[in-house]
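With these hints in hand, go ahead and build the complete structure from the sequences.
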Amino acid sequence: MVEVKDVFKYFGDKKVLNDISTKFYKGKVNLVIGRSGSGKTVLMKCLIGLLTPEEGAIYYSGRNFNLLSDNEKKQLRTEMGMVFQGSALFDSMTIQENVMFPLDMLTEQSFDEKIERVNFCLQRVDLADTNHLYPAELSGGMKKRAAIARAIACQPKYLFCDEPNSGLDPKTSIVIDQLIIEITHDFNMTTVVNTHDLNSVITIGENINFIYQGDLAWSGTKDEVLTSTNNLLNDFIYAQPLTQKIREKL
Amino acid sequence: MHSFLLANMKKLIIQLLETIGEYFIFLGKVFRKPEKWKIFFNKLIYEMDAMGVGSLLIIAIVSISMGSVITIQTALQVEGPWIPHWTVGFTVRTSVVMELCPTIISLLLVGNLGSRITSEIGSMRVTEQIDALEVMGINSASYLVLPKIIASLIVNPVLIIISIFFALFGGYITVMIVQMIPLYDFVDGLTSFFKMYDLYYALTKAFIFAFVISSVSSFYGYRIEGGALELGKANTQGIVVASFIILVLNLVITQIML
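Chains A and B, in that order, are what the protein sequence lines are.
First residue of the first sequence: 1229, per my numbering; consecutive thereafter.
First residue of the second sequence: 320, per my numbering; consecutive thereafter.
Partial list, computed: chain B residues near chain A (C-beta under 8 Å):
| hint | residue |
| --- | --- |
| 1 | Q448 |
| 2 | A451 |
| 3 | V454 |
Label-pair distances were calculated between CB atoms; the ranges are:
| hint | chain 1 | residue 1 | chain 2 | residue 2 | range |
| --- | --- | --- | --- | --- | --- |
| 4 | B | L331 | A | K1233 | 37 to 43 Å |
| 5 | A | G1255 | B | R351 | 34 to 40 Å |
| 6 | A | K1473 | B | I333 | 54 to 60 Å |
| 7 | B | L375 | A | Q1303 | 43 to 49 Å |
| 8 | B | F350 | A | K1243 | 35 to 41 Å |
| 9 | A | K1233 | B | L375 | 57 to 63 Å |
| 10 | A | T1457 | B | S442 | 42 to 48 Å |
| 11 | B | I332 | A | K1301 | 31 to 37 Å |
| 12 | A | D1332 | B | Q574 | 44 to 50 Å |
| 13 | A | Q1303 | B | Y519 | 45 to 51 Å |
| 14 | A | S1456 | B | R351 | 48 to 54 Å |
| 15 | B | V477 | A | Y1253 | 55 to 61 Å |
Just so you know, these hints were derived from the structure itself, not from any lab.
The beta-carbon is built from N, C-alpha and C at its ideal position, and this holds for glycine as well.
Put into structure tokens, the structure is as follows:
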């Protein structure tokens, strides 16, 4: 489990995160939703240690990330996998080399063991036979799946996905969502997903946190999100004409 | 007006000191033990190949041209009944070895290697590839930059020596074709009064300039915040700053060593 306690983050005088406290549960897909600029990505960067909050703490199974030594942080990072918004695959490497990279850097496995793990991960994301292709040769959805394969290569306990559906068509988005929920349950990971994709919210949101202008405005599940009485959440969820029509029928 | 200028000056000085501080903190992050030596050596070989082979053609062209022009210029300037012809060869060799090749070729390498390094690291920053390394617990500065700096320290002095040979070859060909002075006298000048210290001096410059080119270019690529526009700006800044530092250090090294 990942626990966020009283986190504040400032950029200069601007308060970007205001007293955020929440929990992300093991074996569940935990969503952080909100409008662009609401602070979702900043929260995720604080979670993975790319940014340090000015106040508050983030606990990984009871370990306060900011109080860990450099070596302990490094060890904890080996338990994390991250899927970036733009996939962040290494351009100069093939897909096989990309997925193998964390194994090369962080483990002492033999080449055969690494290849076996790479092929398993690529098959799991339905990208078998793409080993020798370069990221530039893949479609947006395939790049996202390759990024997921790289993120799970070291069998992480914590998986973070920043807007995994951005720039993808609705059908591919569903494939990515399904993949995320399947691997979360299969590997019993704590998965945190930043999204503003409503389909993701109502299909994979087992624990949903709504952030509005840096504040945690609402928490709940996918069953509660459509019937919430929180006005800020409803403004966000029912912003589109299509969702407004759905609301009228509810 | 006076206070406005003073305030701006103060702001500029603070910015400069901050940048210098950031640069040394960055170097502190770069010079750490590599995570895996095997991967480090693979990257080192790759960088040496890219830097060396990638720059050979342009260095050959510029050096031959520089050697030819300096030979013609020198032959015209030192013409006279009291000046022996071998002076031309001697002057060309001294200019090429001690000043032109180490400095001019290093400035050329700022544009060639430096911009390649800034673009490569900068585009990795913009596309979150550096963040991906950090999340994996890898020291991204050391992983990406250390092989480039070490490769540059090995390859650049070799490139400078090659450029010296090409420049002298350019002078030789020019004298052979134009025949402004007897070829024998030119070769005599090239080989007379040679001191090994001149070469140490040239290689010291090449070594120091190599560090400046690779570290400054990497620094400007690594600290990019934003998108493609910032990448272009960083590239220009990296080239300008590295060139300026090379020119200042050239003066300092010349003063110290000669």
